[in-house]
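2 protein chains.
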Amino acid sequence: MEPLHDTIRQMINISESEMEGFLKNCLIKRFKKKELLSYPNSIPNEVFFINSGLIRVCLTDNSGTEHTIHFALENQFICDYSAFIRKEPSIYALETLEDTQVVILPRKSIEWGYENMSEGNKMGRLIAEFYFIYQDDRIKNRYIRTPKEIYDSITDVFPNIHNRVPQHMIASYLGITPIHLSRLKKLDFGKS
Amino acid sequence: MEPLHDTIRQMINISESEMEGFLKNCLIKRFKKKELLSYPNSIPNEVFFINSGLIRVCLTDNSGTEHTIHFALENQFICDYSAFIRKEPSIYALETLEDTQVVILPRKSIEWGYENMSEGNKMGRLIAEFYFIYQDDRIKNRYIRTPKEIYDSITDVFPNIHNRVPQHMIASYLGITPIHLSRLKKLDFGKS
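Which chain is which? The protein sequence lines are A and B, in order.
Taking my numbering, the leading residue of the first sequence gets 162, the next gets one more, and so forth.
Taking my numbering, the leading residue of the second sequence gets 162, the next gets one more, and so forth.
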């Protein structure tokens with residue numbers, strides 16, 4: 162669990178006994194490529210920390226069309242966080258796009274952290290702020306960036322994504338067609 | 162500052178001396194309708210709590226078009242929170258749509274709260290989670306709700322908004338034209 166230890170220590174001061182208490186009910190699990198970690202219509206009671214691999218968040222709309230909403234890479238947390246907080250059924254599926262190893266953090270570990278770790282709520286605040294900023298940027302991008310600028314910035318958010326994720330999923334995440342994505346990529350080649 | 166006291170006490174346990182320390186550098190300020198509280202291109206160093214009135218968050222895009230991004234009502238906090246957290250220039254203007262009274266919480270008060278209040282970080286976590294969920298719902302709505310459903314839910318988020326805010330600003334917030342908004346409203350009248 163070294164990567165998770167490091168990620169936590171980058172956010173807060175934590176004693177050995179606090180770390181032990183926080184992680185004692187967490188467990189490591191391996192998933193093959195194209196497996197589901199989490200299903201729509203169920204209340205998420207776990208947060209995943211990715212040791213290795215890549216997870217896609219997706220949903221199927223009322224017309225049956227699948228949309229890619231988010232990607233999560235190594236050393237990141239992932240779950241339907243608003244459904245987790247509200248204890249409501251998620252609308253998302255979480256699917257591995259590569260063989261993936263995660264640490265599963267159950268709800269009771271996170272609540273234990275808030276109640277018993279001196280900086281548990283600080284960690285929760287920093288994580289919530291991080292994902293608020295991520296969502297807020299997506300809202301802002303609609304107004305201030307062109308599709309080309311949003312395309313260009315995707316590797317800042319998800320490094321090396323083009324080599325790891327099929328293009329039609331990237332197009333779906335960007336809210337454009339695969340043909341449009343292919344045109345944006347050609348603009349890049351035109352530069353060189 | 163009673164409404165702010167109540168809002169804080171709904172989130173956390175706070176002693177009298179903590180409340181006093183947290184609020185000692187905060188001040189009440191009154192703005193007339195159509196005044197600006199916060200400007201684009203400046204780093205926001207204050208969070209506003211609305212005692213009475215209504216504030217609109219807006220931005221002007223590169224083509225000169227103004228967009229309404231958000232409304233904030235009584236007993237809510239408002240600022241460009243991601244610019245505040247990142248200490249970066251905001252792209253937003255905050256404008257009063259009614260005569261408005263706010264409590265100004267300077268950055269140093271908020272940082273004091275994180276460092277000195279036993280549940281300061283819990284309050285910060287709950288506020289960040291609240292706004293994360295708000296932004297996350299806006300992202301989700303794009304996929305799972307029709308424009309009519311989004312229109313119908315706006316009064317859940319902003320009660321009584323139709324009597325307080327010009328229709329063209331509500332249309333802009335919803336990302337539709339005023340004509341489209343007028344059609345959605347007619348669908349409502351058709352029901353009765």
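Hints are not guaranteed to be accurate.
Put simply, identical chains are the same to the list, so a pair is met inside one copy or across any two.
Distance condition first, Cα-Cα at most 30 Å in a straight line; then the derived DSBU-like pairs of lysine-lysine [stated by the list, open to error]:
hint, residue 1, residue 2
1, Lys-347, Lys-185
2, Lys-347, Lys-309
3, Lys-269, Lys-283
4, Lys-248, Lys-194
5, Lys-190, Lys-346
Hint data in this document are derived by calculation from the structure and do not stem from the laboratory.
- Message: Reference check for the pair Lys-347 and Lys-309, CA-CA at most 30 Å: within, between, both, or neither?
- Response: Classified as within; 11 Å inside a copy, 37 Å across copies.
- Homo-oligomer pair classification [Lys-283, Lys-269; C-alpha up to 30 Å]: both (17 Å within a copy, 17 Å between copies)
- Message: Checking an output row: Lys-248 and Lys-194, CA cutoff 30 Å. Within, between, both or neither?
- Response: Answer is within; shortest intra-copy Cα gap is 28 Å, inter-copy 40 Å.
- Task: Could you figure out if Lys-190 and Lys-346 sit no more than 30 Å apart (CA to CA) within one copy, between two copies, both or neither?
- Result: neither (36 Å within a copy, 51 Å between copies)
- Message: With identical chains, the pair Lys-347 and Lys-185 could be close in the same copy or across copies; at 30 Å between alpha carbons, which is it: within, between, both, or neither?
- Response: neither (50 Å within a copy, 57 Å between copies)
Checked against the numbered hints given earlier, the structure breaks hints 1, 5 and satisfies all the rest.
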